[in-house]
Amino acid sequence: MHQGFISVLVTAERYRVVGKSVPKIDGGLKVVGAARYVDDVELPNMLYAKILRSRYPHARILRINTEKAWRVPGVRAVVTGYDVQLGRMGILQDHPPLKTGKVRSVRDEVAAVAAETVEAAEEAVEAIEVEYEPLEGVFDPEEAMKPDAPLVHEENRSNIVDLKMRFSTSDSTHLNQVFEKAAAVVSDRYQVHYNNASPLGTMGVVAHYNNLGELTMYTNTQAPFLYRHELGKILGISPSKIRVIQPEIGGAFGRGMDVYPLDPIAAALSMKTRRPVKLVFTREEELQYAPPRQPAIIYMRTAADREGRLLAREARVILDAGAYVSWGPFDGRVMMATTTGLYTVPEVLFEATVVYTNNPYTGTQRGAGNPQITFAIEQQMDALAEELGMDPVEFRIINANKPNTVTPQGLKITTCELRECLRRAAEEIGWRGRGMAGPNRGIGFAAFFHVGGGARVYRSDGCGTVLSVDDFGLVTVITGSTDLGTGSDTAIAQIVAEELGISLEKVRVVNDDASIRPWDVGTHASRATFVAGNSALLAAKKAREILAKAAAEELQTPPENLVFENNTVYDVTNPAKKIEFDKLVRRIHFRQGGSNIVVSVYYDPPTEMQDENWMGNLSAAYVFGAQAALVEVDPETKWVKVLKIVSVHDSGRILNPAAAEGQVHGGVAMGLSYTLYEELVLEQGRVVNAALTDYLLPTALETPVIKTVFVEKPDPAGPFGAKGLGETGCIPTPAAIANAVYDATGKRVKKLPIKPESL
Amino acid sequence: MKSLSYIDVFTPRSLEEALELLDKHRGELAVLAGGTDLIIQLRKAQQKAPNLLNIYMLDELRYIKHDNEIIKIGALTDFATITESPIIQRHAPVLAEAAATIGSVQILNKASIGGNIVNASPAADSLPALYVLNATLTLRSKTGTRKVAIEQFYKGYKKLDLQSGELLTEVSFPAMKQNQIGMFFKHGLRQGDAISVVNGAILLEVLNGYVKDARIALGAVAPTVVRATESEKTLIGQRLSEDVILKAAQACLTSISPIDDVRGSAAYRKEMCVNYLYMTLWQMMRMVNL
Ligand SMILES: Cc1cc2nc3c(=O)[nH]c(=O)nc-3n(C[C@H](O)[C@H](O)[C@H](O)COP(=O)(O)OP(=O)(O)OC[C@H]3O[C@@H](n4cnc5c(N)ncnc54)[C@H](O)[C@@H]3O)c2cc1C
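Here the protein sequences come in this chain order: A and B. So the first sequence is residues 1 to 759, counted in full-length UniProt numbering. So the second sequence is residues 1 to 290, counted in full-length UniProt numbering.
Since the hints were made in silico from the structure, they are not lab data. Nothing here was measured: the structure is a model prediction, and the numbers come from that model. Careful: at least some of the hints might be erroneous.
Derived Cβ-Cβ restraints for the label pairs, each shown as a range [unchecked claim]:
| # | chain 1 | residue 1 | chain 2 | residue 2 | range |
| --- | --- | --- | --- | --- | --- |
| 1 | A | Thr100 | B | Ala45 | 29 to 35 Å |
| 2 | B | Asp261 | A | Lys146 | 29 to 35 Å |
| 3 | B | Tyr63 | A | Arg432 | 54 to 60 Å |
Far from chain B, some chain A residues (derived; all Cβ distances over 10 Å) [stated by the list, open to error]:
| # | residue |
| --- | --- |
| 4 | Ile25 |
| 5 | Lys102 |
| 6 | Pro199 |
| 7 | His229 |
| 8 | Arg275 |
| 9 | Pro559 |
All residues carry an ideal CB built from backbone N, CA and C; glycine is no exception.
Given the sequences, and given the hints that come with them, work out the whole structure.
Below, the structure is given as structure tokens:
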């Protein structure tokens, strides 16, 4: 295996663009502040919108009076759910953009105003009079499951959402027997909290409806094609009348997966006024109203035999959806895949119960349930190893999945370097065993598992590419895929440059207008480099065929002798026989019966939609890895200082090491701050620390030394052997830190965040 | 966020003019220094914002002087300047230490010591140091000048002995003596740019190994900064030992009355207060007994 690994790297030496640390192609404009984000979109005659939210977490709306709002100078439109007809949103169609009859959370939209200035809009919103009849609310998902709990959606007759996510290898009697006979069992309750994705760019949209009945949306969505489709349904207009434009995206981390009330509201205001309407959240609004990470209560038990082999695992998870179902509860699917797939466990049961409450509705966020469930799984691995008197790294290696394994849910694991990742993590952190890190110090480990080759959560998991080559040899790649700021456009450019033997500057990636781009399901599940990269690679190969045929004629040599390199095409048997890349393009174009070079492909990975029993090979490749954390806990203040994180990744071949390392650093910082600092504190469903004064984002001082290691085993299905990487940096961090805190203090932390106060 | 575009801003060119304006518009103007507290408060406030007297241009209020064993700091002096000042580092290192922990670089450059004092947050980081230094505040109005001891200045939560028409112009205190040592501590919820959950300053005067005088001020544990008088009494007349400093640290509980909030519970604040006092006194004990 090691032999293979080394020889593959030798082949990699041949690559000229792939595998090299190149600056992001969108970096320059961002560094000089010239990149345009949604908030930078300024159109002539633009209006500014503000939303009026509910005063209560749960109440009946008795009366809305907008008269005074209309009287504020500069107001051009006031809308409520009573005077515009909007369809419902969400997978369960449970969410009206503007509420009528009843409000179910403090973020519920009751009315909205468009005015000549933001300030006038704000003044008008405050002038709207709403009479409520407050209702008793429910804020604890376990309380909400009780039969006598106040109902969030009365028509359902229960707060338990009809979204059962259950998988088991056998019936519970058999499972109980396995647990009874096992040599070691750990069983616990874990709880993970709300946090905000906190991208630099807050949620926002500019909607512009014109007199021809065309609606243009400037948005920072992650899934422009699904967005267009959904928005059409909500507004009751044909999606073909909607043009979706994505300016640069200032980070999204999963928050941009859905259509949210602000989108149809801005559209409705623009449809009323026929003027462009901008609605961009302030930071306070972002913290209060953007969908937070899915919190969870996790009851988990795991059993092992005396030799340290896992026998069974059971996880029962309660997911508080909030007042409506957006993407958050679907984190349950990822939790399920990791419960069944991170290690070889013969018997597993996973069950997630989704519950409505009067809390904020949740979204998905980097890792999509994986950091949450890994927090429980990897602490149980640590505790089990201890109970068995085994080394925690050794114990994980014994149970780690191996290449070419099929998990109980039918996930087909192909490349998998988990064991090597665990070894490297232990080596790099200087692991010598439990309690050996020094006074008040501790080391903890956690492994991870995630999809890395797309994820079929929709009818198609595909991405289209249109590639054209102009007369100067400039290659324009129009991709369906959206770059959230992670560098996926750069990876696409590298792939195309490599395949066509041209320099990176000769490739341009275009993806701002979804009415021109071919379809893509959206950027989620760490899929952009794998799926859009494969799509771009196919397109480049197709273009290369056309070019090779012409070059073969031109150079009088068989096409298989041709090498594309350094912006030229030459004959490998006689390098003097060559033609410049751009010249070749012109030869094809400017002649009798000539043509220009435009190719189109659609790549849909060989993945399967899971069936009603949650069986099916969700992704075309899976990624693995491990982290080790070294912490110091101050005995007087219980202050947890993370001194070092080692993050080891099997993401196949790394296309751009510098960018990849950046993704890991960002992921670790995010995971660390989710573990120790960031928490949306809720009282009666309202965020009480919705400002950066008390919502603690990490600063440079909080970010420790991060050592990134890539175990590069090219994946046969990935473009140049690459698998996904975007999310994984943050997945194992909470568990690794919690295990390190245990090593340092002997205290198991079962609830996030780990605050000095809770130690 | 409110628009503040409707308010009028007066920008005087001299202190005299500023006092003139304050007098003319008695009770109608809010003083704007660095604005790092005020602007945030105005944008969040429910009521209409008052007009502003912008004193930020008054360079005559920016100075640090050593004058006859008295250190004088102009009210507009920013915390970056205070931290880096050789005079402060030498004659009031406890204040230099406290000033360095205020916010981030941007805040250090903009935030004034006068603003920190008048804003009167119980968690303000310069206040415990100024308390143990026995600082005096100079308040000027068109009609005269008044000096108030810092402890007398605070009458309750954000209640001040400051009349309309008065401007804080200077804060002064005796330079620390050779046999005095001072230390500041701050516990926030993160390392960078944190608001204090508890903070405090200790100043000890030591003669022949015995504590001759002790001053301890604690922040974020009561409506105003408080002196830990019981702790001080425990130390005075004693040689510093593990036993004495532990007793002194625990004695602070009689002086403090913290509250529960997002940043920490009252119980946690009490525990941290005792622990930090102990840790800081322990370091000072090492310095004294060296
Ligand atoms: C991100 C951030 C981090 C911060 N971190 C800290 C921290 O770590 N520690 C800390 O203690 N504070 C912190 N602060 C608070 C603030 O920066 C300080 O309190 C600062 O010293 C205020 O000074 P200023 O010049 O900005 O005052 P301003 O905001 O201009 O004024 C504050 C108040 O004082 C009044 N005032 C100002 N000068 C005078 C005067 N000469 N006479 C009469 N009245 C006057 C004003 O009318 C106003 O009521 C932070 C603030 C921010 C935004």
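How the hints compare with the structure:
1. The hint said 29 to 35 Å for the Cβ distance between Thr100 (chain A) and Ala45 (chain B), and at roughly 32 Å that hint holds.
2. The given range of 29 to 35 Å is respected by Asp261 (chain B) and Lys146 (chain A), whose C-beta atoms sit roughly 31 Å from each other.
3. Distance hint check: the CB atoms of Tyr63 (chain B) and Arg432 (chain A) are about 57 Å apart, consistent with the given range 54 to 60 Å.
4. With a least CB separation of 31 Å from chain B, Ile25 (chain A) remains clear of the 10 Å interface cut-off, as annotated.
5. No beta-carbon of chain B comes within 10 Å of the beta-carbon of Lys102 (chain A); the shortest separation is about 27 Å.
6. For Pro199 (chain A), the non-interface assignment is confirmed: its Cβ lies about 19 Å from the closest Cβ of chain B, beyond the 10 Å cut-off.
7. For His229 (chain A), the non-interface assignment is confirmed: its Cβ lies about 34 Å from the closest Cβ of chain B, beyond the 10 Å cut-off.
8. At roughly 21 Å, the least C-beta separation between Arg275 (chain A) and chain B is larger than 10 Å, which holds for a residue marked as non-interface.
9. With a cut of 10 Å on Cβ distances, Pro559 (chain A) stays outside the contact zone with chain B, its closest approach being about 59 Å.
Checked against the numbered hints above, the structure breaks none of them.
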